[in-house]
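Enquirer: Going down the list, the sequences are from chains Y and V.
Residues in the first sequence are numbered from 1 upward in steps of one, following the working numbering.
Residues in the second sequence are numbered from 371 upward in steps of one, following the working numbering.
Accuracy of the hints is not assured; some may be wrong.
Here are the in silico distance ranges between beta carbons for each label pair [stated by the list, open to error]:
#1 V:S696 to Y:K76: 54 to 62 Å
#2 Y:Y331 to V:D559: 51 to 59 Å
#3 Y:D132 to V:D559: 18 to 26 Å
#4 Y:R38 to V:A386: 30 to 38 Å
List time: in silico DSBU-like cross-link candidates among lysine-lysine, alpha-carbon distance up to 35 Å [to be verified]:
#5 Y:K351 to V:K482
#6 V:K535 to V:K504
#7 Y:K53 to V:K535
#8 V:K504 to Y:K76
#9 V:K406 to Y:K351
#10 Y:K53 to V:K406
#11 V:K551 to Y:K12
#12 V:K551 to V:K504
#13 V:K406 to Y:K198
#14 Y:K351 to V:K504
#15 V:K545 to Y:K76
#16 Y:K76 to V:K669
#17 V:K551 to Y:K53
#18 V:K535 to Y:K76
#19 V:K482 to Y:K53
#20 V:K403 to Y:K351
#21 Y:K12 to V:K504
#22 Y:K72 to V:K482
#23 Y:K198 to V:K504
#24 Y:K76 to Y:K53
#25 Y:K72 to V:K535
#26 V:K504 to V:K611
For the record, the hints were derived by calculation from the structure and aren't laboratory data.
For clarity, every value in this text was computed on a predicted model and none was experimentally measured.
Here a beta-carbon is modelled for each residue, glycine too, at the ideal position from N, C-alpha and C.
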Amino acid sequence: MAAENLNSTTTKITNFPLNAWYVAAWDYEVTRTPLARRICDRPLALYRTEEGKPVALADACWHRLAPLSMGKVVGKDGIQCPYHGIVYNSAGRCISMPAQETINPSATVPSFPCVSRYRYIWVWLGDPELADPDTIPDMHQMDHPDWAGDGRTIHADCNYQLIVDNLMDLTHEEFVHGSSIGQAELSESDFITTHDDKTVTVTRWMRNIDPPPFWKKNLADRFPDYQGKVDRWQIIHFEAPSTVCIDVGVAKAGTGAPEGDRSQGVNGYVMNTMTPETSRTTHYFWSFQRNYRLESQLITTQLREGVTRVFGEDEVMLRAQQEAIDANPDYEFYNLNIDAGGMWVRRLLEKALQAEGRLGTRPEAGWPGE
Amino acid sequence: MAATNNEVWQTGTIIAVVDMASGIKQFVIRQSKPAKAAAGSHLDLMIDIEGQPTRRSYSVVAQSEDLWDLTISVFQVRNSRGGSIAMHQLTPGDTLNITQPIQNFPFRFGAKRYLLLAGGIGITALMEMANQVKRSGVDYEFHYVARSRQAMAYEADLAELHGSKMNLYIDDEGKTFDVSKFMDLVTPDTEVYMCGPIRLMDEVRRTWAATDLDITNLRYETFGASGWFDPEEFLVRVPEKGTEVLVGRNQTIVEALEGAGLDVMSDCRKGECGLCEARIIRHTGTIDHRDVFYSEQQKTEGEKIACCVSRLISDGSAASIDIILS
């Protein structure tokens, strides 16, 4: 059955692999005041220990399921249920039951592996035996000294895969983002798709074109006197299950950028990582990082605000698309040549879901083993 | 991973029965609605004792790769409460109601070191735990205590699998377990998982409590099935209800009172939650506190009793207890 499944339909509501690291929050969001956030349909209480270690516990007290996120942190690494005062440590083990002299040995809440990296807090909700931090997707541009930038979180009203689709095929820029980064050459230029077990890469070069407004401004930040044509690139790097880092930029036309010499250009990385909240909502964490004019906070802010406007246009489209999907349950997706990147992503996700025995199950089916 | 106590009942079919050791039989049970058994999980099943369907808990020793088959092992306790005698009469083809695996003894990844301590049939709760620890590649030791080699299940397999990590203590071979020596092995970042008779677990818990060690690093599971003394018949009276009933060797106070028509509050039925608490008016004989709900001091004071597990033992004259139920 599996082999046919892997090659057949295009799932409209993609389930999420659980044996994976997902970003739960920006690092600054997780503090000594508990934060409630639903990740992969699982409510979590996020907080930090006194030593600063991030903690992710199931957001429901063992006793009567009151949300721990409404409680407060206590002691070195504990969190106290706001209802009857039961205290858990960062391992999710009860350390105090106020109304009795002993602690019920069964009193635990799930504690999930949690790692701070690349300005994000990552959590692993699947089999904890497999939770290897070395498998966190590479987003090193987020906090490497050669790069500067900032971003935001979009609470997107759509399945996470729709955002991955959006980022894997940038021909939509011409139509959705016509006033900033879109241009006809996007659809007209050829692209190359490559993939391995965990990654998919889509590469597109547009040579000797007029830069769209966004890129004209960026190039001028570095080369104020240059008015000519550019070579523009978009190299989309997907890493399973839902991280898309896009190497983007323009260089003065004919200065060798396609051959590897980007010294006459400006280079950014659009960092995107999508964390399913529910089957139909997504925490979309993004940032725009650049490797030029690192000293300019003005440029950091301008880029962040500019991309916020651009992504606001995607947000509207994605919500409308999800609504149309839900309103037309009998219609299927069809695929185009431009979907090659997104389709390889679907293959990788289907394999990951199959390995977990969850291929073909719907996200609503709930948590395995519970 | 996490504790779950969702009860999903299904039919279990016995597909194999093997004698594992003196008094211990291993059963392979095929699930009708297969679910995964994480390390530390158990299943509850209904077994008829003298015509009464009675609930018992057994640790899952192993699971087949396709998830269908669960292995449990049952020790026929001397002076059993009855469950193990009935279990030992099961043969392949027999069916019974079982739950999907329930997890109240979850294993946590991430400790620097693990010590596993099993006493007698308690080994069953730690078999899969030990596999998990071994796979994790972290430093560990496995300590296994029993009365005699004949009474030890899985001892040969474990010795082969865990090699020098395996430490056997066999009373009748003169190698006895010494709690203080064991506690010397416990460092502040060691997690201990134990399962065994209450005598052994109480001693470890008491010794642990007297140290600076983090109390949450001592993990244990009890099904309330063992006590300090062999079970005896005794009399329980609830004066305000005018009830007086004998508690048989195979019964708990809760079961005996329910049998006499009283509506008795209880929940976990393994001495953890404290809901079955009764106040003691007077008693003769010795109270065998089998719960982990009361502190040592509360047990010494002897004002309350956990009716789902604790019992009375005669000390010359017949044992009896008068109680006030909640």
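Enquirer: Among all the numbered hints in the text so far, which are the ones the structure does not match?
Expert: As far as the earlier hints go, 1, 4, 11, 15, 21, 25 and 26 are violated by this structure, in ascending order.
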